[in-house]
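Colleague: Residues per chain, in single letters:
Protein chains: 2
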Amino acid sequence: MKKAIILLSGGLDSTTALFYARAKGYRCFCVIFDYGQRHKKEIKAAVRLANLTGSGFNIVKIKLPWSNSALTDRKIRVPAGRKLKDMSSEIPVTYVPARNTIFLSFAASYAESIGASKIFIGANALDYSGYPDCRPEYIRAYEQMINLGTKRGVEGKRLKIETPLISMTKAEIIRLGTKLRVPYGLTWSCYSGGKYPCGICDSCRLREKGFAEFLAATLPSRKGKD
Amino acid sequence: MKKAIILLSGGLDSTTALFYARAKGYRCFCVIFDYGQRHKKEIKAAVRLANLTGSGFNIVKIKLPWSNSALTDRKIRVPAGRKLKDMSSEIPVTYVPARNTIFLSFAASYAESIGASKIFIGANALDYSGYPDCRPEYIRAYEQMINLGTKRGVEGKRLKIETPLISMTKAEIIRLGTKLRVPYGLTWSCYSGGKYPCGICDSCRLREKGFAEFLAATLPSRKGKD
Numbered sequence: 004m005k006k007a008i009i010l011l012s013g014g015l016d017s018t019t020a021l022f023y024a025r026a027k028g029y030r031c032f033c034v035i036f037d038y039g040q041r042h043k044k045e046i047k048a049a050v051r052l053a054n055l056t057g058s059g060f061n062i063v064k065i066k067l068p069w070s071n072s073a074l075t076d077r078k079i080r081v082p083a084g085r086k087l088k089d090m091s092s093e094i095p096v097t098y099v100p101a102r103n104t105i106f107l108s109f110a111a112s113y114a115e116s117i118g119a120s121k122i123f124i125g126a127n128a129l130d131y132s133g134y135p136d137c138r139p140e141y142i143r144a145y146e147q148m149i150n151l152g153t154k155r156g157v158e159g160k161r162l163k164i165e166t167p168l169i170s171m172t173k174a175e176i177i178r179l180g181t182k183l184r185v186p187y188g189l190t191w192s193c194y195s196g197g198k199y200p201c202g203i204c205d206s207c208r209l210r211e212k213g214f215a216e217f218l219a220a221t222l223p224s225r226k227g228k229d
Numbered sequence: 004m005k006k007a008i009i010l011l012s013g014g015l016d017s018t019t020a021l022f023y024a025r026a027k028g029y030r031c032f033c034v035i036f037d038y039g040q041r042h043k044k045e046i047k048a049a050v051r052l053a054n055l056t057g058s059g060f061n062i063v064k065i066k067l068p069w070s071n072s073a074l075t076d077r078k079i080r081v082p083a084g085r086k087l088k089d090m091s092s093e094i095p096v097t098y099v100p101a102r103n104t105i106f107l108s109f110a111a112s113y114a115e116s117i118g119a120s121k122i123f124i125g126a127n128a129l130d131y132s133g134y135p136d137c138r139p140e141y142i143r144a145y146e147q148m149i150n151l152g153t154k155r156g157v158e159g160k161r162l163k164i165e166t167p168l169i170s171m172t173k174a175e176i177i178r179l180g181t182k183l184r185v186p187y188g189l190t191w192s193c194y195s196g197g198k199y200p201c202g203i204c205d206s207c208r209l210r211e212k213g214f215a216e217f218l219a220a221t222l223p224s225r226k227g228k229d
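Just so you know, the protein sequences line up as chains A and B, in that order.
Sequential numbering from 4 applies to the first sequence in my numbering.
Sequential numbering from 4 applies to the second sequence in my numbering.
Please keep in mind that the hints were generated in silico from the structure rather than gathered at the bench.
Be careful, since some hints might not be right.
The list treats identical chains as one, so a pair stands whether inside a single copy or across any two.
Below are the DSS-like pairs computed for lysine-lysine, each with C-alpha atoms no more than 25 Å apart in a straight line [unchecked claim]: (1) Lys5 <-> Lys86; (2) Lys154 <-> Lys66; (3) Lys47 <-> Lys160; (4) Lys64 <-> Lys86; (5) Lys66 <-> Lys47; (6) Lys47 <-> Lys163; (7) Lys47 <-> Lys6; (8) Lys160 <-> Lys44; (9) Lys88 <-> Lys154.
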């Protein structure tokens with residue numbers, strides 16, 4: 004069985020990517036990051052989802068002492084009520100410098116060690132927070148770089164970074180996930196670190212918009228709201 | 004004063020890179036990695052050298068639970084007495100999957116957080132152990148990728164990866180470092196993790212060869228030996 008590494012945060016997108024990779028016949032190995040994020044609940048969600056799918060997983064603990072992101076520094080407020088149209092054009096204070104670059108690097112190391120030929124990442128460049136490291140041109144450049152910098156790559160066994168969700172809307176992701184029977188109730192998206200989702204951070208709002216649009220399209224009798 | 008990040012291992016090459024960056028007028032911030040390497044002594048050496056040069060530094064602790072390198076797994080023997088000519092053509096068991104990619108990613112995160120425009124890495128593709136992530140084509144691909152994946156890069160403030168030693172021989176590196184007054188006695192190169200350098204691992208042999216060649220060229224009366 005082919006092996007794949009999944010970058011699993013426990014949120015809606017990465018969980019859908021995990022179920023997608025399984026459906027494509029991969030034996031999945033998840034990398035879950037504990038990077039001091041205030042929304043620790045996503046780590047628990049990720050572990051539960053990895054176990055539920057019978058996937059291997061590793062929790063990688065990293066500390067970015069220099070990070071001044073709202074996701075890791077409790078002194079910075081998580082932005083609330085940003086307009087959806089602003090999200091894809093402005094990089095917000097929840098941005099963690101080089102986060103996906105660090106995450107993918109650990110995934111690549113894991114992949115090379117166990118002989119996996121693919122990394123699945125739930126990056127999305129449509130309904131997203133405007134992070135530069137979620138865009139297709141970044142992913143392609145990463146793939147280029149990693150195949151020059153690893154033993155496998157140099158030996159011609161290319162590592163491929165799969166981004167099945169990159170050009171989907173949130174509603175399309177949820178449609179795909181629903182077909183794949185993703186238990187969305189077990190995923191965690193909220194950035195704020197509370198006991199319940201805040202409903203007003205970027206992540207909550209994108210999630211809500213996704214479900215609203217998905218339901219509006221699926222249940223034609225119900226009026227879609229944004 | 005312009006800021007630069009230095010990937011500092013405490014060995015001969017990275018310490019020379021640190022002194023080089025200082026000589027070029029940069030205020031230096033070192034990233035020192037504790038990645039479970041058996042040669043922990045290099046971490047102490049790195050901290051000492053960072054302090055000695057008045058540089059800022061951060062020790063980043065990372066764990067690669069999947070790594071099967073001789074540098075992190077004490078069950079694998081560090082190769083001894085490899086022929087120097089074999090080193091640059093064979094990737095040895097001391098190879099840590101995606102090591103420089105992980106290291107550079109943390110450095111890039113640090114750089115973006117403090118507004119540094121350069122990362123100095125002591126990578127060397129001539130007298131080296133054959134690691135793919137020490138070659139110029141890899142470094143250029145990394146630079147390309149990181150400028151697509153960070154806020155600074157997207158805003159046109161490019162991050163540059165400087166590899167001043169990449170095409171030098173070990174003897175040339177030592178010649179440069181000697182001019183810059185690098186206290187080589189405080190650096191640590193040996194992979195084996197003993198109290199004293201083993202003298203037979205790749206790293207010890209390359210270091211020895213470097214000093215022998217440097218001395219042979221500098222002191223014409225002394226016959227050079229290899």
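Colleague: State for each hint whether it applies.
Modeller: Hint-by-hint comparison with the structure:
In the homo-oligomer, the alpha carbons of Lys5 and Lys86 never lie at most 25 Å apart, since the shortest distance is 42 Å inside one protomer and 37 Å across protomers. In this assembly of identical chains, the alpha carbons of Lys154 and Lys66 lie at most 25 Å apart only when taken from different copies (20 Å versus 27 Å within one copy). In this assembly of identical chains, the alpha carbons of Lys47 and Lys160 never lie at most 25 Å apart, being 34 Å within a copy and 37 Å across copies at closest. Taking identical chains as interchangeable, the C-alpha atoms of Lys64 and Lys86 are never at most 25 Å apart, the minima being 33 Å within one chain and 38 Å between chains.
In this homomeric assembly, Lys66 and Lys47 come within 25 Å of each other (Cα to Cα) both inside a single copy, at 18 Å, and across copies, at 20 Å. For the homomeric pair Lys47 and Lys163, neither the shortest alpha-carbon distance inside one copy (28 Å) nor that between copies (38 Å) is at most 25 Å. In this assembly of identical chains, Lys47 and Lys6 lie within 25 Å of each other by CA distance solely inside one copy; the values are 23 Å within and 38 Å between copies. For a Cα distance limit of 25 Å, the shortest separation of Lys160 from Lys44 qualifies neither inside one copy, at 37 Å, nor across copies, at 35 Å.
Within a single copy, Lys88 and Lys154 get their C-alpha atoms only as close as 43 Å, which misses the 25 Å cut-off; across copies the closest is 19 Å, which meets it.
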